[in-house]
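Okay, here's what each chain looks like letter by letter:
Number of protein chains: 2
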Amino acid sequence: MDLKHYIIDIVKKARVASFEIARIDTATKNNALIETAIELEKRTQEIMSENAKDIAVGVEKGLSSAMIDRLKIDEAMVKKMANVLREVVTLPDPVGEITDMIVRPSGIKVGKMRVPIGVICIIYESRPNVTIDAASLCIKSGNAVILRGGSEAINSNKILTSIMSQVCSQAGLPSDCIQIISTTDRNAIKELLIQDKYIDLVIPRGGKGLIKTVVENSKVPVIKHYDGNCHLYVDKDANLKMAEDVAINAKTQRPGVCNAIETLLVHSDIADKYLRSLLPKLKEKSVEIRGCERTLKIDSKIFAATEDDWYKEYLDLILAVKIVDNIEDAIAHIAKYGSNHTDAIVTENYTSAMKFLQEVNSSCVLVNASTRFSDGGEFGMGCEIGISTDKLHARGPMGLKELTTQKFIVFGSGQIRTSK
Amino acid sequence: MDLKHYIIDIVKKARVASFEIARIDTATKNNALIETAIELEKRTQEIMSENAKDIAVGVEKGLSSAMIDRLKIDEAMVKKMANVLREVVTLPDPVGEITDMIVRPSGIKVGKMRVPIGVICIIYESRPNVTIDAASLCIKSGNAVILRGGSEAINSNKILTSIMSQVCSQAGLPSDCIQIISTTDRNAIKELLIQDKYIDLVIPRGGKGLIKTVVENSKVPVIKHYDGNCHLYVDKDANLKMAEDVAINAKTQRPGVCNAIETLLVHSDIADKYLRSLLPKLKEKSVEIRGCERTLKIDSKIFAATEDDWYKEYLDLILAVKIVDNIEDAIAHIAKYGSNHTDAIVTENYTSAMKFLQEVNSSCVLVNASTRFSDGGEFGMGCEIGISTDKLHARGPMGLKELTTQKFIVFGSGQIRTSK
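Chains as they are written, first to last, in the working numbering: chain A, -17 to 402; chain B, -17 to 402.
Just so you know, not all the hints are guaranteed correct.
Same chains, same label: a pair holds when it works inside one copy or across any pair of copies.
[Said to hold, decoys possible] Mimicking DSSO-like on lysine-lysine, the simulated pairs with C-alpha atoms at most 27 Å apart in a straight line are:
{"id": "1", "residue 1": "Lys62", "residue 2": "Lys263"}
{"id": "2", "residue 1": "Lys179", "residue 2": "Lys61"}
{"id": "3", "residue 1": "Lys267", "residue 2": "Lys402"}
{"id": "4", "residue 1": "Lys190", "residue 2": "Lys201"}
{"id": "5", "residue 1": "Lys140", "residue 2": "Lys179"}
By construction, these hints were calculated from the structure, which means they are not laboratory data.
Generate the whole structure from the sequences, applying the supplied hints.
Encoded structure:
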């Protein structure tokens, strides 16, 4: 079978499975996830030996140790995947939820019912545990899922999918509700992206190159996660101790992730006092500071920030610092350079807090809390399938609810329409 | 200025205006809409004389009388547009609404805030009143709008936009929040559709050709309205009198619109009794019947339906009729041939009603009511910007709420994250 027919066969099977899984009750879905967790743990050695093949190829290809590290599945990682499955079981099933019911003058009762999206395709790189995260969220939310992982993790992804698919099928789910693209041919992605008749949503997870390829080639709607160029703005009315704690946490607690801050904006009225106390503490934690001209006047031993710095997602122990004259300038800076991901303000001023919340156009806006909270787990959604930096359908962390959609439903008692 | 620069200039201005209008309070927006209504009425003669130019060109070009009719603006139509503006004023402003607020174990309060989408581009054909409908909904929901109407209505659209834009600007809205593409160059659409940096959403309204062009060329997310191939399924447990009233209303009350039914599915147990009573009544109302083989056995004087008929949106006094053996077959027929628009069941059986509601994958599913109710006005949304047959972001009639999106907001009191 050539690639085109291989892909068409998969997407057609997924479409049929999507109709079936949409009707499966919560208990059956939960049971399938629990059985998968048990089976994964039972077959830890088999998973690790398949993973070892990927590692061997990776080492041969000269992948960086960080890459190898992300690829590796040890016993703890299997345990972690099993626990994700158990966590998803505890989350409420969004399918079937009826909301916004109103009675109209005609007598009809109109509201919305939450339903699965249908067929979701996840295109991802590296970490094989995404296979389990993504599949479990799609299944619990009543969707069929097509997985396309990175070629470097192909053996790991295949064994994980094979186990999950087999267990789910035995537990009463349609056998094609979880499928993996088992070829590493790069053209498979382009073939998938034109199947808008059979795939309802594509979620790319990975580097910018992958996301760009998907966006540029997809006829299927895409929800993507571009940069996390996150900002913290310290207002003139900030509690400076709080602002220090939040800045240090948001920059240093885990600098390599998307919800860490990259730029600190500081109101000029309190900049001198605040930065003289904060900058040494950041340096102690090995943070490199790149400041605007006014910041350089406070501390001449830091680097000068260039225009480019304001756009950068360092994902590293580097922080750009800019002094602004008012909250409007802070908001304008975020609008110009930000990536609509996550931004925070520290202030005691009510009007400033509300203004920042309303006017900063990001998927998550926080007052007096670290940007690091912008996360499905911290928001109570269990694990997340990604963080959307798009504006339509879903913004911010995407959990089970974001993998569903709503349709209108009407309860009538024989009404016919009389108005034209 | 060449076309490319002309379009870029417009979309950049729209982006700036979108930041400004997002912050404008409800009273100012409402006042601008009311002033527009007054001004439209005041300048009725001017509007009609601009419209007369379009009509003259249309007649010269040999447009059908139906087309000319749709193009025409008389005093009653101006009054109608003014009333749409006044109706939009009465609708609640969705911007700023905070929902789903929960307190997390960390102490942060997480919820969602409703915000405008940003820049919305409406690409439409023929009826110039869409200009006012679309612009008023976009403005009220805090968005900047770019209008691209059909070339046959260019003078009408220009005068309407010019009046509205001028009044809104005087009333305190950003002057670029309503812009029209004033060239009729067809390439303008393609130039617009690649401006994904400046346009957040494209809504095409018009024939299939237009929608196809938009979908195929757009880098901007599109919410579209394809066919309305709507079904009515009459269950074995239906109240047959009710089922007759609903079928007649859904087919004949206004056959040319998308929420009229095209196919009637009838359970075999009651088909004989039901169709023997219904078909003569439909024929009296000049409905042409195209039946399946079993329907032909009940009434040999009707036409035989071909496979093609099940796919067709007649938008005319034609009805395809099929007898099915059970509700599963009815649902399967709708899944195969339907267009995910609007489908209804008539039944007194609770389990059948719930099954149909849950399993029919359309933007609107009704029990014991005419499909003709699938409409923004009937659902209490005021006028609508369209009916989405897509699954993501918005399904079914789209009103003000559907022209907004939600971001996460967090109220903290200095929380920092400790878990990795």
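So which of those numbered hints doesn't the model satisfy? When the structure is compared with the hints, numbers 1, 2 turn out to be violated.
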